[in-house]
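Chain B: place on chain A using the hints.
Chains as they are written, first to last, in the numbering used here: chain A, 34 to 772; chain B, 18 to 169.
Among the hints, a few may not be true.
Said to hold, decoys possible - In the DSS-like style, the derived pairs of lysine-lysine whose C-alpha atoms are separated by at most 30 angstroms in a straight line are:
1) A:Lys242 - B:Lys135
2) A:Lys293 - B:Lys49
3) A:Lys467 - B:Lys49
4) A:Lys722 - A:Lys654
5) A:Lys284 - A:Lys325
6) B:Lys83 - A:Lys258
7) A:Lys128 - B:Lys88
8) B:Lys105 - A:Lys295
9) A:Lys722 - B:Lys49
10) A:Lys295 - B:Lys49
11) B:Lys135 - A:Lys654
12) A:Lys299 - B:Lys49
13) B:Lys28 - A:Lys258
14) B:Lys49 - A:Lys128
15) A:Lys183 - B:Lys88
16) A:Lys524 - A:Lys350
17) B:Lys83 - A:Lys293
18) B:Lys105 - A:Lys237
19) A:Lys654 - B:Lys28
20) A:Lys295 - B:Lys88
21) A:Lys242 - B:Lys105
22) B:Lys49 - A:Lys466
23) A:Lys195 - B:Lys105
Calculated directly from the structure, the hints in this document are not laboratory data.
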Amino acid sequence: MTIQIRNGSVDTSISRRGFVAGAAGLTFAFTLGGMGRGGEALGATQPTKFNAFVSIAADNTITIICPSAEMGQGVYTSLPLILAEELDADWSRVKTEFAPANPKVYGNYHRLFEGAQITAASVAVPGYFTPLRLAGAQARKVLLDAVADKWKVPVSELTTDKSTIIHKKSGRKISYGEVVAFASVPAEPPKISESDLKKPSQFKLIGRKDIGRSDVPLKVNGSAKYGIDVQVPGMVYASVLQSPMEGAKPKDVNVPDVMKVKGVTKVIPLPFGVAVIGDTVEATRSGLQALKVTWDTSGATAAGFDSDKAKADYAAKAKDPSAETKVEYQVGDVKAGLSGAVKTVEAAYWTEYTYHAQMEPMNAVAQVSEDGKSADIWTGTQFGALASLIISGILKTTPDQVRIHQQFLGGGYGRRIWPDAAIQATILSNITKKPVKLILTREEDIAAARPRPMTHHLIKAGLDAKGNLVGWHHRLVSENVDAVAAPPRFKATGGKDYIGARGLDQAFYAIPNALAEYVREDRGMRVHAWRGIGSGYNKFAAEAFLDEVAQTAGKDPLAMRLELTKDKPRASAVIKAVVEMSDFKRSRPGHGMGIAFSDYHDTLSAGVAEISLDQKTGKIKVHNYWVAVDPGLVIQPDHVHAQLESAVIYGLSAALIEQFVVKDGSVQATNFDSYPVMRMSEVPEIHTKIVTTDNPPSGMGEIGVVSVAPAIANAVFQLTGKRLRHLPMTAERVKKTLA
Amino acid sequence: MAATAFTINGKTANVEAEPDTPLLWVVREHLKLTGTKFGCGSGLCGACTVHIDGKAVRSCQISVSKVAGRKVTTIEGLSPNGQHPLQKAWVAEQVPQCGYCQSGQIMQAAALLATNKKPTREQIVTHMDGNICRCGTYPRIVRAIQRASREA
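Looking at chain A on its own, in the form it has when it is part of the complex (with noise of 0.2 angstroms):
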């Protein structure tokens, strides 16, 4: 996609194949006049606003509109940033807020999202960044212009730096604050195109080592506000017994009783479970416990599902020739290269449903107006103007009357996409005319889980006489994951899954014939987007699988993945990077070593573990992880870090702890104690390392997840000779596998 300036404005073409385009009916124009308060005479009296993303205040203050949800990623600050490097501005002077649900000026045009405004897929930096500077640079223009008139001086002959315009010729100076208590916003704003921005080389902002991240401040002293921390006045409390399946419904509730305990008010069975409301959190959850519900599943495509059981079903699928597939990443002849090939190699690979486990257990407040016809929700969401485009079609009004107020998100990774708790909260309002705070038990945000998938993965693999990988076939069989999350792309690909499929491609590896398809699996679970999405498995599959071609070649790991990225510089570089870092030829006597590739929207990585194991017990420990990553332009350097430290954990986590198993289609697992996280005991030193390319930036939220795992199962491998084919890598799993 193209972004054209046309008169300051950006304008984009719009393919109907955007993340929610064909729900949401919405257009996604573009401005960054349009918020502009033009041709207006402006005073001190309040902040000038010079387009959608920035206003200035008299006494120098920049505020600067953040178009996405802050879960720890950065871009509370790092998105800012951008727009303050074009402005030239005081970067001790920004302050950031959120902005509200209205992609029509807020979305992100990355190719991925196309004008929606969603936090996802590590794309808000590289989605924003031209647009924000873009807008920086028009208001910094408007200012220059405003003072070269009053001053009577070309505008050429001004400059700027730290929120001042510097006229060097006669000396005088003057603060953006000045400016604006006389300048007005031009009713058309000033035409800005890209080669009016700045030169990496100008930049002092981006790149800075020294600039933390706006939010940290607010972290520590307990001031930053989080959706579970709004209190409305006259609000009541509520907390929701979940369905344990999507489409379940509560048959008999015992509401007498419940309706017994001392601060409950209302019980009401609802679609989506069974709702508490009181006039104190700890009577909605005394009345919680009091529940009993039978459920009616009849209408659950999850009824009876046993995901233990139903792994002969995916194996068999995964064999089946005549299975119905789809197509997700094609190269050359496959049949061709397999059947050509001298040596073939196969294996199968699974990994289990994870949850997302965020610290902050989904939540929302909700307002819904006396008419019913607009509502006021408070929540930390990753994608709001979904929720207001769900919550205005409950309503029976439009998106633009539920207004989302952003807060800070405890933890995303992906589960603050779907709106579910906002809808509960306001369905809630909407009955019993109050605003209402929900929040989930833990036990009950578990049971609400949207999981990563279980998948399992047959590859084929064929070698040519000289071992040189010339046919690749990898299937997945698993549930879709957009059909679930992102009905209208599901619809536009004619059933394939973008979530789930991710990683499936081979696009760094020079193997000449390549077929990855998807075989879908529909078991009713509320699958979902968790950190690295399909990536997370189908790299773990194809990367393992990768150091068992090697194998069969007689060829080093290594060596294979160096002539494989031989044409693509960049992949080989991060490669060549993090052997460097790890020092990765060194033998460690009883301990594993293991390197694996991976790409993730256009954000390159490469990961080696080491690792060493408790032969009796099957327990793997993990010494050092080195991790290399070329994100294109770095914005905020330390941060980049941060996010691989991260990532690096939550992949760790999901290599060698995390899954639940679900029976009768319910999640089987209701705390941190049947569903363990990583501990601080349990990491190991993690060593990070940026490769500087002078390529636009992409993202860094999720890439850190996904080597981690390969890695991993590629130094058990290089240790006991026994390949680990199922995540998790559990102890109890490791040993029968080295029995």
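Showing chain B alone in chain A's frame:
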């Protein structure tokens, strides 16, 4: 409903709540000190950690009636202006990401440094292992505690 009186962040609180109400909800919803977070409700994650008479306690696991007459400190009261050595170190090391667990982490760490000014890395890890950080800020938490221990 019964009234319970205790000290919170140096001030007297008199709260009308059922005696078995977890202190967590009294702090968050009755007293509106929302820096203390709800994570699991079962003492498994540490997000709700506060100090009671100087000791780190999971506020979801103690009834309000049990704190009558005692001194409760939350993240808001750890230092007068957010300048506890740990809070400064947390900023210097850029620890928080989503930030949700960090109040609990800091309160847990503060209880350690109050009794052990120079903890070893191993002591830090043992003391902090009950606090989950899903963003995986653990390496930075360790560094921040070590920094605070050095600089305090």
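Numbers of the earlier hints that this structure fails to satisfy, in rising order: 7, 8, 9, 15 and 19
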